[in-house]
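Enquirer: With the hints as extra help, turn the sequences into a complete structure.
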Amino acid sequence: MTTLDINRHDGAPRWVARLADWRQKGTHRTWGKRPTKATARRELREECQALLADMPIPRPFTLEGLIAGIEAVTGRRIKLVPIPDHLLAHTDVGGLWLQLDDVPVDLVLYVEGTTSFHRMRIILHELAHLWCDDTIEESFEQLARLLPDFPPNVLHRLTTRGRVMARHRYDSHIERRAEMLADLLHHEAYATDYIEDPTLRHLDEDLSHPRSIPLPRTPRKNRVRP
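Under full-length UniProt numbering, think of the first position of the sequence shown as 1, with each following residue one higher.
Simulated from the structure, these hints should not be mistaken for laboratory data.
Just so you know, even glycine gets a beta-carbon here, dropped at the ideal spot from N, CA and C.
Check before you lean on any hint, since a few could be wrong.
[What the hints assert, rightly or not] Now the in silico label distances, taken between C-beta atoms and shown as ranges:
| # | residue 1 | residue 2 | range |
| --- | --- | --- | --- |
| 1 | 152 | 38 | 41 to 47 Å |
| 2 | 72 | 41 | 30 to 36 Å |
| 3 | 144 | 63 | 29 to 35 Å |
Expert: Shown next as structure tokens:
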């Protein structure tokens with residue numbers, strides 16, 4: 001199986017180079033200074049917007065069209081597989097991504113007993129991981145702890161056929177990035193009309209996801225009563 005090298009820029013898709021640049025930036029922060037939550041979220045959003053700009057998003061948006069576009073770029077087939085509710089009932093895992101080694105196929109597993117809205121979010125989250133090549137795989141032992149209701153023989157088959165990535169560790173950068181990218185894709189999916197003009201489109205995006213800056217407050221003791 002061919003593995004994408006994010007450190008190679010020559011001949012690679014633009015999103016690979018951008019992702020490598022963002023990872024490099026993350027290791028060169030000013031020493032002794034920790035970014036604020038607002039700064040970190042803004043940087044994460046900018047990173048995700050750069051990734052989104054290079055994704056093969058169909059107009060009008062359809063999940064099938066997005067999957068077909070990603071398949072054309074990666075050269076791998078993507079198959080959506082529903083998981084029975086009881087297998088994930090006692091976990092915080094909503095989806096799994098299985099990258100098969102023996103065939104060029106990626107399986108996106110999602111819990112089936114949920115709303116269409118939540119199901120779309122789970123699938124988009126896993127597709128975001130797939131697009132970013134977030135292949136931090138889980139071992140059999142890790143999966144057994146994460147998915148206690150899965151039959152051991154099923155987990156063994158999953159881990160021996162390829163790499164399994166579970167949707168958890170929500171405080172990590174790759175999970176926050178996947179969730180933010182899924183949020184942007186979800187906005188694309190439920191937007192009523194696509195705005196062709198880039199300036200107006202960016203304005204619409206800013207209005208849809210506002211970043212308010214709090215105004216300075218005057219201390220009570222300095223306020224002058226009329």
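Enquirer: Hint by hint, note whether the structure agrees.
Expert: Hint-by-hint comparison with the structure:
1. 152 <-> 38: 41 to 47 Å: holds, 45 Å
2. 72 <-> 41: 30 to 36 Å: For residue 41 against residue 72, whose Cβ atoms are near 32 Å apart, the range 30 to 36 Å holds.
3. 144 <-> 63: 29 to 35 Å: holds, 31 Å
Of the numbered hints given earlier, the model fails none.
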